[in-house]
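Peer 1: Taking my numbering, the leading residue of the sequence shown gets 284, the next gets one more, and so forth.
Hints in this document: simulated from the structure, not taken from any laboratory.
Some hints could be false.
Cβ pair distances, simulated, as ranges [said to hold, decoys possible]:
id	residue 1	residue 2	range
1	403	423	30 to 40 Å
2	448	421	23 to 33 Å
3	411	481	37 to 47 Å
4	319	452	17 to 27 Å
5	478	358	26 to 36 Å
6	420	358	38 to 48 Å
In silico BS3-like cross-links for lysine-lysine, where the CA-CA straight-line distance does not exceed 25 Å [claimed, not checked]:
id	residue 1	residue 2
7	406	285
8	359	285
9	391	477
10	355	471
11	355	406
12	477	359
13	477	406
14	363	450
15	406	363
Where a beta carbon is used, it is the ideal one built from N, C-alpha and C, also for glycine.
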Amino acid sequence: MKGTVFAVALNHSSQINFWHEAFHEVPYKTPPKTPIWFIKPRNTVINSEDIIPHPVGETVQSGATLALLIGKTAHKVSVKDAEQYIAGYALANEVSLPETSFYRPAIKEKCRDGFCPIGQMVKIHSVESLDIITEINGQEVDRWSTQDLVRSAPELLAALSEFATLKEGDAILLGTPHQRVTLHPADKITVRAKGFPNLENTVVLAGEQK
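Hey, can you work out the whole structure from these sequences and the hints?
Peer 2: In structure tokens, the structure reads:
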């Protein structure tokens, strides 16, 4: 990855359902009407086969998803034209510590070293009905469908490019379900989807990496 990795919160129907009551409490008293964006900085980005550091004493959770990869400069792109700016997609893992609120920037939870594995790009026309599968040590522990995303990949690209100029090499993580998989040191985590090379990483207790 040579660009900026943008990510979106609350883009899976299960997240909206889980936080529904909290959204109607003070201070906002209404659910968000636009995408909630955050960034996975460069220190988080690693490749398949790289090590995910597990901070000592923390709970670390996997968030298997897809990354939309930008192919050319995109600014104020419409939804109908968005496909022209997409170079392809890759499996990704938006690793995070647990979140208790969406009203504060989750820097310490989201921006740890190695907390954003991204796999090999695949040129595919549509990802609107794709099962994203997580395996831990060879056993399937999670499966979700991109059909449950609130906004599609083209809609997210259009929304982000409305206020941020996207460059070739930038990426957008499409979102994760509310329910996440807890990772432990020595776990081997594999993210799979039809048509994509597996994204495989091993979890190692921070300070023990070789």
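Peer 1: It remains to establish, for every hint, whether it holds in the given structure.
Peer 2: Right, here's what the structure says about each hint:
no. : hint                  : verdict
1   : 403 - 423: 30 to 40 Å : 21 Å, violated
2   : 448 - 421: 23 to 33 Å : 43 Å, violated
3   : 411 - 481: 37 to 47 Å : 21 Å, violated
4   : 319 - 452: 17 to 27 Å : 23 Å, holds
5   : 478 - 358: 26 to 36 Å : 30 Å, holds
6   : 420 - 358: 38 to 48 Å : 44 Å, holds
7   : 406 - 285             : 18 Å, holds
8   : 359 - 285             : 22 Å, holds
9   : 391 - 477             : 33 Å, violated
10  : 355 - 471             : 34 Å, violated
11  : 355 - 406             : 14 Å, holds
12  : 477 - 359             : 31 Å, violated
13  : 477 - 406             : 13 Å, holds
14  : 363 - 450             : 19 Å, holds
15  : 406 - 363             : 18 Å, holds
Checked against the numbered hints given earlier, the structure breaks hints 1, 2, 3, 9, 10 and 12 and satisfies all the rest.
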